[in-house]
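When you get a sec, could you build the whole thing from the sequences and use the hints?
Taking my numbering, the leading residue of the sequence shown gets 89, the next gets one more, and so forth.
It should be emphasised that the hints constitute simulated quantities derived from the structure, not laboratory data. Because the structure is a prediction, the values reported are computed rather than measured. The C-beta atom is built at its ideal place from N, Cα and C for all residues, glycine as well. One should not assume that every hint holds.
[Said to hold, decoys possible] Label pairs and their calculated CB-CB ranges: (1) Phe605 to Gly744: 49 to 57 Å; (2) Leu421 to Arg384: 17 to 25 Å; (3) Val434 to Ser473: 28 to 36 Å; (4) Leu117 to Gln346: 31 to 39 Å.
[To be verified] Using 25 Å as the maximum straight-line C-alpha spacing, the simulated DSS-like pairs for lysine-lysine come out as follows: (5) Lys386 to Lys374; (6) Lys374 to Lys388; (7) Lys228 to Lys388.
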Amino acid sequence: MASIAAERPSFFALQYLSAVDLNAIVDYLRTTAARQNLGQHSWGIAVGLDLVSQPVTDTTVEYYVQPGVAVDGYGRIIVVSNPTRIEAGQFVGVGSGNVDVWIRYDETDLSATRPGFNACSAQDSYARAGESFAIEVGGKTSILDRQSGITVNDQLLVDAREALISVDPDAQLLCDGAVPHQQLPVDDATARWLVPLGHVHWSAADNAFLPLVDPAAQQALDSGAGTQTPDQVYEALMASRAKRRLLGVVAESLFAAQGLIRLRERTDEPDPAGNNDAVCRARQVKTSDLHYCDGRLKPKELVWLEGNVRVTGDARLLDGRLEFRDAAGRDYLERTVDGALVSPIVPALMQRADNNPRHGTDLQVLLGGSEDGRNRFTIGSITFSGSDICNPGSVVQNAVVIQDNGLVGIGTTNPDSLLEAPLTMRGRAETVVENEGTEDETSYDIYRLASFEADSGVTQWQLDLWDVEGTERKGLNLTETGLAQSRLFLAPGGDVGIGTVDPAEQLHVVGDAPAVFIDINSLSGTPRSRLEFGSDGVERANVHWHKNNDRLVLHHDGEDSLVINGDLVGLGTGDPLTTLHLFSGNDVTLADNAGYLLIGDVNADNLVVDVNEIQARNNGATQGLHVQAHGGEFSIHHWDTSRRFTVADDGDVGIGTSAPLAKLDVRGDVRFGNTAELRAVGGAQGLRTVAGRVAANGNEEVGTGYSVSKGPLGQYTITFSPGFTAHPIVVANAHGNPDNILSVTVTSNSTALIQVTDIRDRNEDPGSTAATQAEDRAFNFIAMGAR
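Right under this line is the structure:
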């Protein structure tokens with residue numbers, strides 16, 4: 089059985105109409121109006137009802153609710169006909185800060201009946217009901233504070249947003265809370281539904297209202313001298329606007345009247361001169377917005393979005409194109425509109441094109457109607473600046489440019505120059521640091537052109553452009569990751585570097601183990617791999633390896649000049665028999681071309697060798713011959729195990745022995761002197777001798793290798809430089825004073841203490857009782873000790 093949604097009164101002739109019948113008419117009209125209000129719209133503010141302030145003092149204001157209309161969640165219309173002041177008395181007990189303001193439907197009984205016409209009831213009777221509104225303030229965080237609930241399916245719901253869920257648990261939440269099929273409380277004036285209007289700024293300490301926007305901060309912002317951004321200055325105002333609830337439209341289809349739907353802001357800035365017609369006329373459809381196509385007149389577009397657009401989710405174009413036109417919306421063809429010629433714009437659009445020549449689909453970006461390169465598709469960055477969120481400054485930096493003639497530029501940041509090649513790449517500057525952390529540390533920029541990655545996303549190889557100002561490092565570099573490395577470097581002029589960015593020749597190879605590998609195919613019919621040299625296309629020499637006999641040959645002017653056979657090298661012979669086989673030459677003389685082997689410059693020091701001679705020369709004359717000049721053992725008359733003269737690698741020289749034990753080790757007697765009349769003195773220990781004479785004041789008079797420091801009376805400390813390797817033996821005697829005695833104490837390997845004592849003569853000094861007395865006197869000494 090179908091439920092009854094509403095009772096519509098019906099009448100018949102001669103029917104007696106009571107107050108109930110008349111009220112049924114009112115209830116029916118109110119119910120259907122409410123359902124229509126909630127069925128086509130969600131509840132909220134329809135127009136007006138703004139919260140505005142008016143200054144009272146320099147610091148305080150009054151707030152008013154402007155005239156307007158709203159619809160609450162019961163479909164009741166709330167009308168404010170005149171500006172209504174918000175009374176401070178409503179804020180008693182409310183703390184300071186931004187306080188929410190709400191409006192709700194209210195009604196008052198009017199036109200009470202005279203006493204004689206009242207019905208037999210305890211309540212008064214009224215002929216009218218005055219529909220009005222009430223203002224409420226404060227935070228209404230609970231749904232119970234904002235709404236009285238609705239009745240759906242004979243069930244009272246606290247939250248109207250759960251209306252669909254109440255009859256279908258799988259249904260979704262109805263966030264707008266507009267429920268046209270509820271059982272409406274048309275006879276319950278106490279049913280509450282608050283509509284939010286925003287908030288006001290209340291000061292409990294001053295018992296007064298304050299402006300939402302600080303006038304001083306606003307003035308500073310307008311003058312450009314403020315430190316706060318517009319978001320900070322207008323934060324409270326924006327937060328108040330965000331709290332307002334305006335009604336929305338509920339529909340699946342919008343049918344365009346005469347082919348046009350416009351989404352735009354409802355209000356406009358008024359004209360200062362009061363010319364409202366001009367302001368509104370600017371918003372009207374113009375002749376240029378229409379065209380005559382397909383046999384009828386219609387707007388060029390079905391929907392106009394006249395403002396910023398936000399899309400959450402996907403945006404899909406079905407068999408259409410995305411066009412970018414100028415602010416006037418000009419067409420791609422020349423038109424005459426209102427008697428004036430309108431020039432066309434350059435096309436800039438994107439579109440899908442199916443069934444391309446490869447039987448696939450293209451996404452086309454179409455720029456301009458020519459191929460002169462002036463129209464471009466660019467990809468880059470944009471940097472916003474300033475503090476005006478509505479009109480920020482911006483700088484665009486292009487990184488990728490595609491011209492309408494098909495030329496592509498990557499990294500080409502000069503927007504005014506045309507590209508000249510199908511692909512132009514401008515490198516990104518990166519800093520190279522060499523000898524980092526040392527006093528030779530240097531840094532400079534190179535320009536990264538391309539990186540090559542594996543599927544891991546890690547760069548494996550890179551292509552860089554080197555153009556280091558003030559250096560020869562200019563060229564193209566292919567290398568593995570690491571800016572300072574180089575695997576292949578192409579320098580201007582044709583020089584190629586492998587392992588270096590500073591090639592000194594046309595091919596320059598650098599590395600820990602640099603090598604050039606010329607690999608001949610084992611199945612090749614050619615027996616040789618070769619490196620040829622010549623001029624003007626004529627070969628003069630070559631280096632080749634013969635795979636049949638495994639020999640490396642330097643071939644020049646028809647002859648094999650150098651042959652390498654394993655570890656055997658031949659010069660002048662194709663069949664070397666030793667490590668180095670020199671086959672031809674002549675006897676050693678002082679002539680420039682003498683000998684088999686020449687080492688050095690014939691005009692300077694040089695050495696020449698033949699089969700049985702070695703000659704050191706200098707510019708055509710004889711020269712001293714130095715053997716083992718930089719170390720290594722050297723022997724003379726070495727046959728079998730007998731050696732007559734040996735210079736060991738550590739510098740020891742042995743005569744009569746091959747194993748010298750000292751710098752000069754002579755096995756036998758040593759004679760010296762003009763006629764060898766003297767023989768050398770020997771000892772079992774290597775000794776050094778220091779001798780000298782010291783004056784009474786401590787000065788060194790004779791000898792070297794020592795110094796003296798004067799101590800107390802009669803004491804002298806001798807310091808040997810260098811010191812001995814062990815305590816030396818030191819002997820000292822008086823110089824010219826026979827009655828002096830000297831004692832010697834060796835205190836270290838490098839010092840000795842000398843004490844001089846005088847033996848007293850009582851005849852000379854009868855009053856003295858001492859037998860001896862310290863005395864400063866000259867003395868001689870000799871020290872002998874281990875070196």
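- Task: Would you list, in rising numerical order, the hints stated earlier that this structure does not obey?
- Result: Failing hint: just 7.
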